[in-house]
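Visitor: Could you slot chain B onto chain A? The hints should help.
What follows is the residue order along each chain.
There are 2 protein chains.
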Amino acid sequence: MAVLGIDIGGTKIASALFRENGDTLSRQNDYLEGRQGAEVGEQVRGQINNLRKHPGLKEDKLLSIGISVPGISYRSEGTVWAPNIPGWENYPLRDEVQSFIGDIPVNIDSDRACCMLGELWKGSARGCKNAIFLAVGTGIGAGILVNGKILRGNNDIAGSVGWMALNRPFDKKYTGCGCFEYHASGEGIAKVCRAYLSEQENYRGSLAKKKINEISAHDVMAAYKVGDSLAGKIIGESVEYWGMAVANLVSLFNPEKIIFGGGLFGPAKALLPDIRKEAEKWAQPISMKQVRLDSSALEGRAGVYGAAYLALKSPG
Amino acid sequence: MAVLGIDIGGTKIASALFRENGDTLSRQNDYLEGRQGAEVGEQVRGQINNLRKHPGLKEDKLLSIGISVPGISYRSEGTVWAPNIPGWENYPLRDEVQSFIGDIPVNIDSDRACCMLGELWKGSARGCKNAIFLAVGTGIGAGILVNGKILRGNNDIAGSVGWMALNRPFDKKYTGCGCFEYHASGEGIAKVCRAYLSEQENYRGSLAKKKINEISAHDVMAAYKVGDSLAGKIIGESVEYWGMAVANLVSLFNPEKIIFGGGLFGPAKALLPDIRKEAEKWAQPISMKQVRLDSSALEGRAGVYGAAYLALKSPG
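Residue numbers (this note's numbering), protein chains in the order written: chain A, 1 to 316; chain B, 1 to 316.
Treat the hints with caution; some may be incorrect.
Straight-line Cα separation of at most 25 Å, DSS-like style, residue types lysine-lysine; simulated pairs [unchecked claim]:
hint	chain 1	residue 1	chain 2	residue 2
1	A	Lys-172	B	Lys-289
2	A	Lys-191	A	Lys-122
3	B	Lys-269	B	Lys-289
4	A	Lys-149	B	Lys-61
5	B	Lys-281	A	Lys-129
6	A	Lys-122	A	Lys-149
7	B	Lys-233	A	Lys-277
8	B	Lys-210	B	Lys-225
9	B	Lys-129	A	Lys-313
10	A	Lys-173	B	Lys-289
11	B	Lys-173	A	Lys-289
12	A	Lys-149	B	Lys-313
13	A	Lys-191	B	Lys-281
14	A	Lys-172	B	Lys-281
15	B	Lys-233	B	Lys-210
16	B	Lys-277	A	Lys-172
17	B	Lys-211	B	Lys-191
18	A	Lys-129	B	Lys-149
19	B	Lys-233	B	Lys-191
20	B	Lys-172	A	Lys-233
21	B	Lys-172	A	Lys-277
22	B	Lys-149	B	Lys-289
23	A	Lys-281	B	Lys-191
24	B	Lys-173	A	Lys-281
25	B	Lys-172	B	Lys-191
26	B	Lys-277	A	Lys-173
27	A	Lys-289	B	Lys-172
28	B	Lys-233	A	Lys-172
29	B	Lys-225	B	Lys-61
30	B	Lys-172	A	Lys-281
31	A	Lys-277	A	Lys-233
32	B	Lys-129	A	Lys-149
33	B	Lys-61	B	Lys-122
34	A	Lys-12	A	Lys-122
35	B	Lys-277	B	Lys-149
36	A	Lys-173	B	Lys-210
37	B	Lys-313	A	Lys-129
38	B	Lys-122	A	Lys-313
If you're looking for bench data, these hints aren't it; they were derived computationally from the structure.
Okay, chain A solo, but in the shape it has when bound (with noise of 0.2 Å):
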């Protein structure tokens, strides 16, 4: 038996096809370059038709496949919406995949559920029944696993913590990502790191040397690593607001574990002491001493490997 897994990014496709152990029999990785609406969907089955005719097909019976998408996928209705793919606003991916793979079952999720899922095959979260994959990219997103399951919600948009509150008073920069996401997102990182900019006009660290415009989180993470203190001001306050997300979500969720990843863990993965210990004076205590904090095993590739284990686990 294998599965096909496919995570559809902002900017590629990356697919594999894998044995049910978790072996990869083979990959496909393509750049979107501006397709839109249907050239992606057509480029997906692009991937699944190449992907099929790999040998080990022979012996091997594709049992299903699992589709990781960049935002929303509404479940019950078989579409999906994904903000950073124009066209993709309520794209019927899955009658489009189904009827070209027959009865193979299709299953599609959001990637920040994909990537819980792939840690939990394989990655961070193997054997957690609890856990949270906090994805800090140019977004905030979370892949929440309660007993063995990702948390949808109603309408399957549960695991928005971008939008936390955790700054009072409400202020209207807030509006149109979260209070979260604004401070401590990659995006919300350089829009702060430009907000100060612009104010400390006696600042001459390294950051002062890059065109205001086109400076980016890991820029700022660059500059914090070698002790720029613009940069230790900002990395701190990011510090306060994850330790104080953390905080929430093992106060809320009681978890066995909380596992960073995203575009800034990568490089901000030796920042996790610190954030535990800012979560530490906020969140309900026995739950805090229960939680490890962890940074993605598979990182890149966690996606893929989810919608793999997503085709694995459910099926039907």
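Guide: Just chain B, lined up with the frame of chain A:
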């Protein structure tokens, strides 16, 4: 068939015998009057034995017993922790009840979980799959329903919402109770009021006439309702915290309903539209549109109904 629900509170024990359809056959309420440890166990035994003698049980077999405790139920051990009952730190309630009740199944859960289940069975959450009971009394806790089941977490302490971090930076006064509970529980509102009164020497409103150490959240609510300025400030802040907490629950869980209960809702019911307005600023906007805020339909009886529903739904 009949089930027996027992709601052990910090000051009294309320039991009732129900038919499967929710009709009450008989009930009994007793005050703890300072009883501790095994004396409380003895009182529980007395209520069970009295209710078992009800003549209706000749035709209806007693299917199972459910018990709500004011604290934590450790389900694998069958022990309970109830901070307001001396001697109930790690009390073997399940074994004790089981020892005299024979082979009738006994299920125990926390009061916040039971209130959620009571509202699900016969109250404001009927028909819901994903809902949250927010209990705002002396402290703050939540019973969280995820896809029809109570969220427990790794060690039965999920739902500790009183520890939610909402107001940075961390302040030592949050140690021991949590930030949300400090600002917006009954005990918290009284504490905040006392702190303001000791600062504002020129205040001459109705709260100034009370003995400062005897002021309760109910006094503050009463003063608020007659337009007192200090009470207006305090309750306005509480509304902000309640709104932020609702926002966080909405963004994380995407529930159909959040039900406010506990001693303060009650008198603070009329604030639900203001709480919603505050939450709308912060929460994931699609999820926020889908949620309804409501107050407890069962009020003080939610726990005993929930204990009975616990018995009915998980008899094994």
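Visitor: So, for every hint listed, does it hold in this structure?
Guide: For each hint, the structure was consulted:
{"no.": "1", "hint": "A/Lys-172 / B/Lys-289", "verdict": "19 Å, holds"}
{"no.": "2", "hint": "A/Lys-191 / A/Lys-122", "verdict": "35 Å, violated"}
{"no.": "3", "hint": "B/Lys-269 / B/Lys-289", "verdict": "20 Å, holds"}
{"no.": "4", "hint": "A/Lys-149 / B/Lys-61", "verdict": "36 Å, violated"}
{"no.": "5", "hint": "B/Lys-281 / A/Lys-129", "verdict": "33 Å, violated"}
{"no.": "6", "hint": "A/Lys-122 / A/Lys-149", "verdict": "16 Å, holds"}
{"no.": "7", "hint": "B/Lys-233 / A/Lys-277", "verdict": "33 Å, violated"}
{"no.": "8", "hint": "B/Lys-210 / B/Lys-225", "verdict": "17 Å, holds"}
{"no.": "9", "hint": "B/Lys-129 / A/Lys-313", "verdict": "23 Å, holds"}
{"no.": "10", "hint": "A/Lys-173 / B/Lys-289", "verdict": "20 Å, holds"}
{"no.": "11", "hint": "B/Lys-173 / A/Lys-289", "verdict": "20 Å, holds"}
{"no.": "12", "hint": "A/Lys-149 / B/Lys-313", "verdict": "21 Å, holds"}
{"no.": "13", "hint": "A/Lys-191 / B/Lys-281", "verdict": "21 Å, holds"}
{"no.": "14", "hint": "A/Lys-172 / B/Lys-281", "verdict": "9 Å, holds"}
{"no.": "15", "hint": "B/Lys-233 / B/Lys-210", "verdict": "18 Å, holds"}
{"no.": "16", "hint": "B/Lys-277 / A/Lys-172", "verdict": "15 Å, holds"}
{"no.": "17", "hint": "B/Lys-211 / B/Lys-191", "verdict": "13 Å, holds"}
{"no.": "18", "hint": "A/Lys-129 / B/Lys-149", "verdict": "15 Å, holds"}
{"no.": "19", "hint": "B/Lys-233 / B/Lys-191", "verdict": "14 Å, holds"}
{"no.": "20", "hint": "B/Lys-172 / A/Lys-233", "verdict": "22 Å, holds"}
{"no.": "21", "hint": "B/Lys-172 / A/Lys-277", "verdict": "14 Å, holds"}
{"no.": "22", "hint": "B/Lys-149 / B/Lys-289", "verdict": "23 Å, holds"}
{"no.": "23", "hint": "A/Lys-281 / B/Lys-191", "verdict": "21 Å, holds"}
{"no.": "24", "hint": "B/Lys-173 / A/Lys-281", "verdict": "11 Å, holds"}
{"no.": "25", "hint": "B/Lys-172 / B/Lys-191", "verdict": "14 Å, holds"}
{"no.": "26", "hint": "B/Lys-277 / A/Lys-173", "verdict": "17 Å, holds"}
{"no.": "27", "hint": "A/Lys-289 / B/Lys-172", "verdict": "19 Å, holds"}
{"no.": "28", "hint": "B/Lys-233 / A/Lys-172", "verdict": "22 Å, holds"}
{"no.": "29", "hint": "B/Lys-225 / B/Lys-61", "verdict": "49 Å, violated"}
{"no.": "30", "hint": "B/Lys-172 / A/Lys-281", "verdict": "9 Å, holds"}
{"no.": "31", "hint": "A/Lys-277 / A/Lys-233", "verdict": "17 Å, holds"}
{"no.": "32", "hint": "B/Lys-129 / A/Lys-149", "verdict": "15 Å, holds"}
{"no.": "33", "hint": "B/Lys-61 / B/Lys-122", "verdict": "22 Å, holds"}
{"no.": "34", "hint": "A/Lys-12 / A/Lys-122", "verdict": "22 Å, holds"}
{"no.": "35", "hint": "B/Lys-277 / B/Lys-149", "verdict": "29 Å, violated"}
{"no.": "36", "hint": "A/Lys-173 / B/Lys-210", "verdict": "42 Å, violated"}
{"no.": "37", "hint": "B/Lys-313 / A/Lys-129", "verdict": "23 Å, holds"}
{"no.": "38", "hint": "B/Lys-122 / A/Lys-313", "verdict": "35 Å, violated"}
In this structure, the hints that do not hold are numbers 2, 4, 5, 7, 29, 35, 36, 38, in rising order.
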